[in-house]
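Q: Residue numbers (this note's numbering), protein chains in the order written: chain A, 64 to 471; chain B, 64 to 471; chain C, 64 to 471; chain D, 64 to 471.
Source of the hints: derived by calculation from the structure; they are not laboratory data. Be aware that a few hints might be false.
[To be verified] Pair by pair, the computed Cβ-Cβ distance ranges are: (1) C:Arg293 with D:Thr92: 25 to 33 Å; (2) A:Asp178 with C:Thr285: 47 to 55 Å; (3) B:Gln395 with D:Thr92: 33 to 41 Å.
[Stated by the list, open to error] Using 20 Å as the maximum straight-line C-alpha spacing, the simulated DMTMM-like pairs for lysine to aspartate or glutamate come out as follows: (4) B:Lys466 with C:Glu267; (5) D:Lys312 with D:Glu108; (6) D:Lys466 with A:Glu425.
Since the model is a prediction, treat every value here as computed from it, not as a measurement. Think of the CB as a built atom: it goes at the ideal place given N, C-alpha and C, for glycine as much as any other residue.
Protein chains: 4
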Amino acid sequence: MSSSNVKKVALAYSGGLDTSVILKWLEETYGCEVVTFTADLGQGEEVEPARAKAQAMGVKEIYIDDLREEFARDFVFPMFRANAIYEGEYLLGTSIARPLIAKRLIEIANETGADAIAHGATGKGNDQVRFELGAYALRPDIRVIAPWREWDLTSRETLLAYAEKHGIPIEMKRGKASPYSMDANLLHISYEGGILEDPWAEPEEDMWRWSVSPENAPDQPTYVELTYERGDIVAIDGERLTPAAVLAKLNQLGGANGIGRLDIVENRYVGMKSRGCYETPGGTIMLKAHRAIESLTLDREVAHLKDELMPRYASLIYTGYWWSPERRMLQQMIDASQAPVNGVVRVKLYKGNVSVAGRKSESNSLFDMNIATFEDDRGAYNQKDAEGFIKLNALRLRIAGRKGASFI
Amino acid sequence: MSSSNVKKVALAYSGGLDTSVILKWLEETYGCEVVTFTADLGQGEEVEPARAKAQAMGVKEIYIDDLREEFARDFVFPMFRANAIYEGEYLLGTSIARPLIAKRLIEIANETGADAIAHGATGKGNDQVRFELGAYALRPDIRVIAPWREWDLTSRETLLAYAEKHGIPIEMKRGKASPYSMDANLLHISYEGGILEDPWAEPEEDMWRWSVSPENAPDQPTYVELTYERGDIVAIDGERLTPAAVLAKLNQLGGANGIGRLDIVENRYVGMKSRGCYETPGGTIMLKAHRAIESLTLDREVAHLKDELMPRYASLIYTGYWWSPERRMLQQMIDASQAPVNGVVRVKLYKGNVSVAGRKSESNSLFDMNIATFEDDRGAYNQKDAEGFIKLNALRLRIAGRKGASFI
Amino acid sequence: MSSSNVKKVALAYSGGLDTSVILKWLEETYGCEVVTFTADLGQGEEVEPARAKAQAMGVKEIYIDDLREEFARDFVFPMFRANAIYEGEYLLGTSIARPLIAKRLIEIANETGADAIAHGATGKGNDQVRFELGAYALRPDIRVIAPWREWDLTSRETLLAYAEKHGIPIEMKRGKASPYSMDANLLHISYEGGILEDPWAEPEEDMWRWSVSPENAPDQPTYVELTYERGDIVAIDGERLTPAAVLAKLNQLGGANGIGRLDIVENRYVGMKSRGCYETPGGTIMLKAHRAIESLTLDREVAHLKDELMPRYASLIYTGYWWSPERRMLQQMIDASQAPVNGVVRVKLYKGNVSVAGRKSESNSLFDMNIATFEDDRGAYNQKDAEGFIKLNALRLRIAGRKGASFI
Amino acid sequence: MSSSNVKKVALAYSGGLDTSVILKWLEETYGCEVVTFTADLGQGEEVEPARAKAQAMGVKEIYIDDLREEFARDFVFPMFRANAIYEGEYLLGTSIARPLIAKRLIEIANETGADAIAHGATGKGNDQVRFELGAYALRPDIRVIAPWREWDLTSRETLLAYAEKHGIPIEMKRGKASPYSMDANLLHISYEGGILEDPWAEPEEDMWRWSVSPENAPDQPTYVELTYERGDIVAIDGERLTPAAVLAKLNQLGGANGIGRLDIVENRYVGMKSRGCYETPGGTIMLKAHRAIESLTLDREVAHLKDELMPRYASLIYTGYWWSPERRMLQQMIDASQAPVNGVVRVKLYKGNVSVAGRKSESNSLFDMNIATFEDDRGAYNQKDAEGFIKLNALRLRIAGRKGASFI
């Protein structure tokens, strides 16, 4: 693709070494202006230093946005209404942040008259797909520049040499450099690379950053009450909180109780298996509690339909199709299902365990003690109905049996 | 239905009060002979006392079967190949035992010339459905007698009075009587009724029988290595074990480490919600470990297809359709998928947590370190391929965007 | 069930012999008052005679409703948005009328203070289920009386004798009585029974009532243009029509061209297979045309998701779950998908064939001639992108192949 | 990609202009030897002329294979067991031939020591994907050359100029050249391009090659009896035929009766919509007849599960994943389901219509006239069972209704 006609690029800029090198490389390679965009998604690091760095590198248009509420409210919460888990384990912490970054990058490109966007994701991962599918959906003719797929700075050494040559400061992170590739936001922190590239190797305890180990968690359990409205948590222990505050609070509670660590091999969209470790303290609590409030308030067949569609919904988010009509279509169905999902769930947090200690819903409980009871139900349920129910459900099996269908 | 023409009934007989009353009631009501069938499914109670009781009540044909290996090998293991969970939580411990009992009951009816079977399940639950669908599928013209749907002994008092009147011994279980309705087998033990009928009430610690609480579990983790062949565990820590021995061993390890407790509200097939508590120590370990070995050895799309069909497969087992052609059809597909599921999973057990500490497969690992690596891959993967991959996946979104489909 | 406490029954009353006998039988058996409800659903027979009959039998509250527009607009049209077909063939003509009758029956019961409803469906069919599930969903404590499941008038002879004894006029339909059990409404007419009970027997030509045979249809094709808005036909050949008028017009056009006959064996919800013949002239045209307009305006993945969920949606309607939360949830998703389904389809009708002769959509076509063309596309599509697309889609297959997965 | 190291290429060679140019271009561009492979898949043209042409162009290793039986038996027949249709309309005639060509191409590459394969599919279509996914799955390290994605002969003129320059004979097809891009095999013939690029334009009558128009078909219907064994047609009108002979015979019968024309807009895997016309005379009959024999012999839930999975199975074939583990997994399930699909279907062919005139199965019919009958069934079915069946199926709806869930 010709590099001739790029005038201005909106770059997803973290302030770190890699994206600083990209910034310079874009200017050099494309002779273009660069607009930087740095988002606070709750990753737990200051974003303001990115402004100073961008300024030092001569950037004129610098965007620093606090997107935590939007992230929690419009991305994380809708996803949890679906009980989304990828491949039975992964809570999609990285995946769900990408569409928001893509959207903001396009908005900034539109505002600043940029004709391209750029990002620092590699050509092997899912993130490039998530960024770019989002960008193309939101602005079909946008030019996308993915330096890792283009340049020849393919080793750590060449990258550092480039930085040195161009006067880009190579700060070491506090303490010793992590051997892992990490990504964090309000929902989770992830680790890849290093010894994790051997799926038989157990990660060392000091890799984990957001949670104490179950071993080091308190010896006393913590009980928490979560109030749900239309499928979303709106209060913790009776205190109303914004979505971002809910996530922050649950991360704190979960992390302190050793909750939310995960170590998996997953299937990337680009076709390879990769090993990843994740800490999702708040999300782990949210999934368990959401299922509990749904168990009380959701119709059986609605719940089962949601369960059958969930893997596909989760895959759509994992593979970067948040901004697709099929994800939206599923979301409309999921959101509609949540109207009766109101009530309170009491969870017990203890050394890595989240257990449900109670669930109630004044307005929407479908649990009918009079019918379910083992005691005399005074006619609420006629046990004789069961005979006809079974007989007709068995009819096709009986007809087949008589015709000789054999099982034993 | 006329009671005139029943000559001999094969009864699922536990030896307890309820089924002893049923035994007598059948003889009285139907003027028929009763054959008793008592199975050792690993419930942890002796089955021989049932023989003595049946003899004392004058039964001539008494079947006492040790079905533990058949149960583990032909029912539990195939189900775990599917990663089956009902409604996101329940490991189907009761559900999976019923089709075996139904099958054996029909076999015994066939052997003894019985023209009917009887069971002690109530008219409100799932078990009646599971027993009867199985029976009808395996012998379409069998007569089924479900005393709880027929008689007027609907309260504890009337039942006890009937027992006393007919000289049926009312032994109390060891210690004080449990306030819960329980069911146990090699896979799990369940609790219903009593204070559990209030979904807001947390069960008391002394309800649980198979596991210590996480609080009381050892302060040191236990590591275990599980060897898989074609999706089944065949060895623990290198020692080859039969399926039943695998389950027993994992129950012991899981129970000692506080693993496998569950407290849920579930949707019964007969249309009501009910509260149940379950202990499934070994099964909880098996599910986690099976997903881990699959994550390494199963193709992505095969795994996703399994995940999408799993809820339906689990529902089929929950609702009693084990002996149906659609369950068999799904099973054939699931079993076929397991050919490459070979290798070893190392799990860490600690105070209620099961975590995967490693997974490997010499013969079938699809994890390719050369491709996945963050380091230089020497051309194993061409990052430039990603551009075309993304571009064509985005094409439909771009066309729609140009035509004005709007998201923001 | 005790018959003591029924005071007033709302009866779905056709005015024919069967429901007239039911009317009398209800009064006699339950000592209750009967309210009759007769609906014009487009069955093609006058409904006013039912009023005279009901009056003659002494009924005081008589409801005669023209429900054709409501039926077409709120039931038939939403169903066709889903491209619903049961078991690959059946357009659900009977199924979709039942929930409307159930709803109106409950409304009338509510208005007249009736404590029960009654219908003339037998205990072997699907219609009893559809009526009653609807009634229970809309008024949970309604009493339902299904005489065919209760009485002993199980043969034609006993029924006629009862009618004679109670002075119920036994009018013969015009011409000789049909040997078939029939049901008709604006969407279709159905035939069951008689020689159809042999699945090897071909129905005689004179059974069919709504369409000429393809053999007798005109030798010249008829072309029609159908205008769609949000998935619904709003105009035919440029003339705006109401939903009921659309159906009526397409029935006329289809019937005249020998379109819409169907002869199948289907699986009833109550567990048996049954043979049915159907004429659905307008519906057959609608299905073909709706797929055509969707093919131009719907995103690929949205269309595929709809296709995968369609069989379940169709089953829900077939089995009587229109008034269920899961059907509503699916409907919300389907309706949302139809926003871009606008445009015109030109169909050719000829001797039983419906073929699409053209489709266009000014506002929403996603067909991009510049990209799809076999001619030079001037860079609209970069063919080189396909290489990366294929390479990454093949990656998992290649890795597996290298590990020895074998196909040939 | 460097062109340096290709020594021998196995080329899918039709003998036509395009692949002859490719043959020469490969030799020139890669300095490699070319092996040609020409298959008789029933496209209706002689394959021997391709041998002469290849010889004339100096090819030393020439493969001419009659694959008609393998194609019908191992590809078309298995696909029809699934009732596969893509996007509600397309019978996958082109899609299903590609995996066989890919397989044979790899076999020939293996036999001749070729290190690459080449094909003549463009970079815009599905066929490149189907060829290449198959090739990579069957020989992961194969080099694939797709000249249309590489060269600069992008217009008809440059192609002809190249041919002339290299002495490649430019024979005109018999009669005037077709304005359409066509593909044919035993299952179908397809048309794309030309005026079809306008979805509003109706194709001209003289485009169609395999069938008479319904207008020109005989005025008398043709009846045919198809005998099924395990889901496959094994005899027509009592005469046992091989799979290829079955297809050929049904094509002849269907084509003569104006059956199997289709005109659609479809969604390609590479992201665009395209217009295509198809003639599939035999396949259209097979789909209708297969559903009919299944309707009699397949369990309801098995049939429904097949219907729900069918769209995904069809997509897998359409997008080129025949040689994938997920297609194989689905196929195992589908094939297993066909064990009872035995019997005879009688179809009526008349001016474009295929209708079922009868179906029977001595060994496997699940249609039970005694139960289904409208006449007195002498107790085969107890209508009272329906009450309990409905009551329990309604229970969740009633509970929800009492809690205030509202529909009207």
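Q: Which numbered hints does this structure break?
A: When the structure is compared with the hints, numbers 1, 3, 4 turn out to be violated.
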